[in-house]
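Could you build the full structure based on these sequences and the hints that come with them?
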Amino acid sequence: MDFLESTALYNILRGPLVWVAFLVFIGGSLYRVYTLLDMARKDKVIFPFISLKATLKSLFHWLIPFASRNWRLRPVVTVVTFLFHICLVFTPIFLLSHNILWRESWGISWWSLPENVADIMTLIVIFTCIFFFLRRIFAPEVRFVTFNSDYIILAISFLPFFTGFLAYHQWLLPHGAMVNLHIFFGEIMLMAIPFTRLGHMFYFFLTRSWMGSNFALWHTRDW
Amino acid sequence: MASKNAVKEAVKEKYISKDFKEYVRDVIPDKGLDETIKGLTPEKIEKTIKAVIGGRSSRIKAVMNTCIHCGLCADACQWYLSNDKDPTYAPVAKMRMTIWEMIKRDGKVDAEFIKQCARIVFTECNICHRCSMYCPYGLDITFIIGMVRRICFLLGVIPQRQLDQTQAHIATLNQVWLSQNDWIDAVQFIEEESGADYIDLRVPIDNERAEIMFLPLGAEPKTGTYHIERTAKIMLVAGVNWTVPGEGTWDSSNMSMFVRDFVTMQRIVRGLYENAARLRIKTMMLTE
Numbered sequence: 001m002d003f004l005e006s007t008a009l010y011n012i013l014r015g016p017l018v019w020v021a022f023l024v025f026i027g028g029s030l031y032r033v034y035t036l037l038d039m040a041r042k043d044k045v046i047f048p049f050i051s052l053k054a055t056l057k058s059l060f061h062w063l064i065p066f067a068s069r070n071w072r073l074r075p076v077v078t079v080v081t082f083l084f085h086i087c088l089v090f091t092p093i094f095l096l097s098h099n100i101l102w103r104e105s106w107g108i109s110w111w112s113l114p115e116n117v118a119d120i121m122t123l124i125v126i127f128t129c130i131f132f133f134l135r136r137i138f139a140p141e142v143r144f145v146t147f148n149s150d151y152i153i154l155a156i157s158f159l160p161f162f163t164g165f166l167a168y169h170q171w172l173l174p175h176g177a178m179v180n181l182h183i184f185f186g187e188i189m190l191m192a193i194p195f196t197r198l199g200h201m202f203y204f205f206l207t208r209s210w211m212g213s214n215f216a217l218w219h220t221r222d223w
Numbered sequence: 224m225a226s227k228n229a230v231k232e233a234v235k236e237k238y239i240s241k242d243f244k245e246y247v248r249d250v251i252p253d254k255g256l257d258e259t260i261k262g263l264t265p266e267k268i269e270k271t272i273k274a275v276i277g278g279r280s281s282r283i284k285a286v287m288n289t290c291i292h293c294g295l296c297a298d299a300c301q302w303y304l305s306n307d308k309d310p311t312y313a314p315v316a317k318m319r320m321t322i323w324e325m326i327k328r329d330g331k332v333d334a335e336f337i338k339q340c341a342r343i344v345f346t347e348c349n350i351c352h353r354c355s356m357y358c359p360y361g362l363d364i365t366f367i368i369g370m371v372r373r374i375c376f377l378l379g380v381i382p383q384r385q386l387d388q389t390q391a392h393i394a395t396l397n398q399v400w401l402s403q404n405d406w407i408d409a410v411q412f413i414e415e416e417s418g419a420d421y422i423d424l425r426v427p428i429d430n431e432r433a434e435i436m437f438l439p440l441g442a443e444p445k446t447g448t449y450h451i452e453r454t455a456k457i458m459l460v461a462g463v464n465w466t467v468p469g470e471g472t473w474d475s476s477n478m479s480m481f482v483r484d485f486v487t488m489q490r491i492v493r494g495l496y497e498n499a500a501r502l503r504i505k506t507m508m509l510t511e
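One line per chain: the protein sequences are R and G, in this order. Just so you know, the numbering used here puts the end of the first sequence at 223, numbered straight through with nothing missing. Just so you know, the numbering used here puts the end of the second sequence at 511, numbered straight through with nothing missing.
Just so you know, the hints here were simulated from the structure itself, not pulled from any lab data. Hints are supplied without guarantee of correctness; some may be wrong.
Claimed, not checked - Partial list, computed: chain G residues near chain R (C-beta under 10 Å):
1. M287
2. A316
3. M356
4. L362
5. Q390
6. Y421
As the list claims (entries may be wrong) - Lysine-lysine pairs mimicking DSSO-like chemistry, simulated, CA-CA at most 30 Å apart:
7. G:K267 <-> G:K308
8. G:K327 <-> R:K44
9. R:K44 <-> G:K270
As the structure is a prediction and not an experimental result, all values here were calculated from the model. We treat Cβ as the ideally placed atom computed from N, Cα and C, and that holds for glycine.
As structure tokens, this is what we get:
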């Protein structure tokens, strides 16, 4: 515990490891996107069929809740999925505490969420993660294709928000320890994104482009 | 009577996969699967799998790295819905039981596993693409199924009927084992028979510079000559200058597609276009 709440650990996590995490996240993501596009180019039958107009239409269609038929058929999953992703992405970007850190490091800052709103958004991430966890256990069609990796990436997404919430409210562990754990798990998540299926974050746009283009080619609806 | 049938149903032999215990099916004998796997060796299997998916194409990689195992594709699949939502019929489950396992074991799977894969991808999926329409990422699951079909095809493990058609296409470029003479005979027979109703009815063969070249499906000259007869009648009444090819490929059904036999697919399609070029026709008209 002494080490966990120490300033020494904080300095490492807040200093060089931030560089490492972001470099791995950004560099890794660019690398993964580049390699997939390069593979697609070498396949020769992908790029000739890609249509930008169809891609954009398909992206809009699937990024709006209840626009597509399957979203409408699964209203609970849809609501949970959208809430989870919106809160997951925008809470870290517009959190006041994170904004202060950016200003400390780079002198830049932007608009922040009111603290109570950020709190609720964090709780949404926590509870939607629990929903996904229960779904993996209790839904038969999900259970049949669930592996350890699925639980791991769920935990990776869950822990930064869980520890962040606890750190803000100063619950469970001494504040310093909780903050250090939070930063640690946040960095793990950033580094895990390009190299696990959390990479669906950017792959979504590419796979959507391929299928949207195919639907346009076949003159069929993007259901 | 009802109870007798119930007993029969209850003792019907069940196949339980040794790889996936939730995969339970009735035993259905099929020579195309049961007999053909006898010729397989682990080396052949591994070599074939690596040849087809070893290069890890972008579409396979995209699916492997993006599929979040959410199971939302399940509701798209008519096999899943009509089998009381048995999770082993879901599209993602089909991938799990075939290609994911092949990749996990680095191609080292046995003949029973290949038979199981063939059963899944040939008789429990018809590559309709509905799953791709329901997947939030739009993953090309049918491409994966197609690659597994190709692996089974290259190993010669295909359900009997489909195996027959695959081989027919390879040997005769049509799905019904017709020789070129049989084809021309059938066409001439139709012309003769229809003469009773329409004296001017013709089924022109190799009519150069015709407007339309008609390409039937294999079954038409073999078991459904009335289809070609009807087409001929329509052309006669519409006053269209048309033809069928006398040389080369005439069967536009491409069953080789269903087993991803790329070489034969290409031979068929190229043959059709070559006929179009040879006869200098304007439009190719396919039955389907």
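Structure-based check of each hint:
1. M287: Where the cut-off is 10 Å and the nearest Cβ of chain R is about 9 Å from M287 of chain G, the hint holds.
2. A316: With a minimum Cβ separation of about 5 Å from chain R (threshold 10 Å), the hint on A316 of chain G holds.
3. M356: 4 Å, holds
4. L362: Where the cut-off is 10 Å and the nearest Cβ of chain R is about 6 Å from L362 of chain G, the hint holds.
5. Q390: 27 Å, violated
6. Y421: 36 Å, violated
7. G:K267 <-> G:K308: 35 Å, violated
8. G:K327 <-> R:K44: 27 Å, holds
9. R:K44 <-> G:K270: 24 Å, holds
In this structure, the hints that do not hold are numbers 5, 6, 7, in rising order.
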